[in-house]
Amino acid sequence: MLFLQTTLNGLVLGGIYSLAAVGFSLVFGVLGIVNLTHGIFVVAGAYAAMVLYAKLGMDPLLAMLPIGALLFAVGYAYQRTVIQWAISRASLVASLVVTFGVAMIGRNLLQLVFGPDTHTITPSYSFSSLTFGPLQIDVVRLVALGASLVLLVLLALILLKTHFGRAIRATAQQPLAAQLSGLNVRNLHGLTFGLGAALAGTSGAIIGIVQPFSAASEVAWTLNAFIVVVLGGIGSPAGALVGGLLLGLINAYTAQYIGPSLTQAAMFLVLVVMLMVRPNGLLGNAFGESR
Amino acid sequence: MDRRSFLKTGAALAVAGAMPSVARAQESTITFGGSIPMTGTAAETGLNVLYGYRCAVKYINEEMGGVEIGGQKYKLGLNLFDDASDPARATTLIQRQVDEGIGFFLGSFGSNIVLPTCAITEAAGRIMVQAGGGSDLIFTQGRKRVFGIFPRASLQFVSSVNMFKTLDPKVGKISIMYTNDAFSEFQATGARKTIEEAGIEVIDYIALPAQVSDVSNVLTTIRQNAPDILVCTTHDETSTLITRQMVATNTNVPMLYQTLGPQTAGYRDALGNYANGVVTQAYWSERATFECEYFGSAAKFAEYYAANFDRTLTYHMASGAVCILAYVQAAKIAGSLDVDAVRDALSALDYNCFYGHLRFTPEGDGDPALLGPLLVQRQAGDIEVIAPGEVASAKPIYPAPSWQDRA
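Protein sequence lines correspond, in order, to chains A and B. Using my numbering, read the first sequence as starting at 14 and increasing by one per residue. Using my numbering, read the second sequence as starting at 510 and increasing by one per residue.
For the record, the hints were derived by calculation from the structure and aren't laboratory data. These figures come from a predicted structure and were not determined experimentally. Even glycine gets a Cβ: it sits at the ideal position worked out from N, Cα and C. Certain hints may be false.
What the hints assert, rightly or not - Stretches of chain A that chain B covers, calculated by requiring three or more beta carbons in the stretch to come under 8 Å of a beta carbon on chain B: (1) 43 to 49; (2) 143 to 152; (3) 173 to 180; (4) 222 to 234; (5) 266 to 272.
To be verified - To list a few chain B residues with every Cβ distance to chain A over 12 Å, as calculated: (6) 628; (7) 694; (8) 820; (9) 842; (10) 890.
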């Protein structure tokens, strides 16, 4: 029974990791950018949900929609200006430095506006739990897993079934060919980045209910996203899901059977092993084969 | 400028640059240097300590017109920088201030920051008085110029165990949870030793990583082992996370005891009524009956603070303020601002103030018999002192109601 409970805990935790990482994975896969601002989008989503809940009484799950829309616009503008300029004037590597710098600015701005204190969002259901016989599960984390699955399926459908999704895939696979076919690649890069930011922001709304956050938490979410992508594979929602769930399970089994203090060590050990054995992750690079 | 004049001017400038803060004090201001977490993970409590420093300086400058030392009146000044909860940044800031000649330092918050920074001030022959580092390592490595308001971590649990022994039904087994950092681990080690010496079994001794994002699995263990008391020697954010997940997974224990966290406004905001029944440590209470020439009494300190600052008062503000008072009182006794004389006076300080009876052990930490923690429990929204018995304002609620009954 302990094993079942541990597995359940791991899967639920993995759902949060997946949701928080999918935007990072998309941007990495399509644009080739390691977006170190990703954690800022996650935390900004959490702060936005907190404000909407405190000022308007809007449930954080409902607030995912306006937050997604807002961060989509922010992400689009950010990519079309700062990142695009950096890449066009230097190289793709410059984006790493630029996003790192913007993340530091973003963190300090969030601290300036919201203060350095730890915050939480506490809707009425945030302390509820479900019991299945001897198994116990936190409702909010279950909701996070559900929301994660829904958003990942939606993203997969968008990428597979819509013109926009096909254009993104085409751009990721052969940017030059896509451009020659009449696609506005720069605009598509902006839209993809916006989509990534929107997904990060919506995950932040859920993370805000699940655990305390402050501006300083952004580092952990960028790092988690990076590990998830390395584990699962680049660019695909399925990769993010697999990577997230795997990370959650590694975390849970290590905490239960080896020692909770070694969870991060185990995560990084797996990261190193994956980079050596299968650097493209379990599901590979969704856009890589045509490149 | 001829060669002789050039050398004279150069020598004068070099001497002026190398003069420590004692020289600055001649300009009638005593400047305290240091760093404090104004941002980053330790910022919530770091700011609390900073507000305590500011409160004492404001009171002494504005209400007392400064302080008289060796026949001369001085104002106080703070020269504190944001270390962003980062030990590496803090050490750079402290080294720079040491190079600038600051002689009197106030501590940062968090043993992981205080430890490397006090090593710098000690090596430079400067003094640090701090209310942010309780790790044993700060006090057991032979330093002579580092003073802590709190007893070292391993000695902070005596009053807690005394309280545990009075509980009915009898406490038979305790689980301990700590994070992998200098303060938390030492406090947990001290707690374990003191609890076992009292004949109570420690059934779990669980180390968490320094940064914690999930404790679901640890709570599974707690539910299975069902301790009478769960002791968490964790910091603010982790304590909040643990309690939230305990509520959400319906993990009930007769007593949840967290050394840091429940004192903060963030914890209370996050947990609402669920914060009721949680036991924590407080090193000061505004209900205490201590009196002194500064502020008047504990209650008057709280009154003065509330009238001048808008950040919610916790014991950390009082602990921060008393660092300044310790310096001032020691300098008064020494009759000078000579660093060695002030150090000797601090070492021998035996002074009653609004905070309590201020005395340091030979190793520099607060005397555990005089400056050990009060134990407090939130009961129906009010903070009540539940131990030691002689200053208790209420009896402990034990066993605490289930989370469902606290909603």
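Here is what the structure says about each hint:
no.: 1; hint: 43 to 49; in the structure: violated (count 0)
no.: 2; hint: 143 to 152; in the structure: holds (count 5)
no.: 3; hint: 173 to 180; in the structure: violated (count 0)
no.: 4; hint: 222 to 234; in the structure: holds (count 6)
no.: 5; hint: 266 to 272; in the structure: holds (count 3)
no.: 6; hint: 628; in the structure: 25 Å, holds
no.: 7; hint: 694; in the structure: 10 Å, violated
no.: 8; hint: 820; in the structure: 10 Å, violated
no.: 9; hint: 842; in the structure: 37 Å, holds
no.: 10; hint: 890; in the structure: 16 Å, holds
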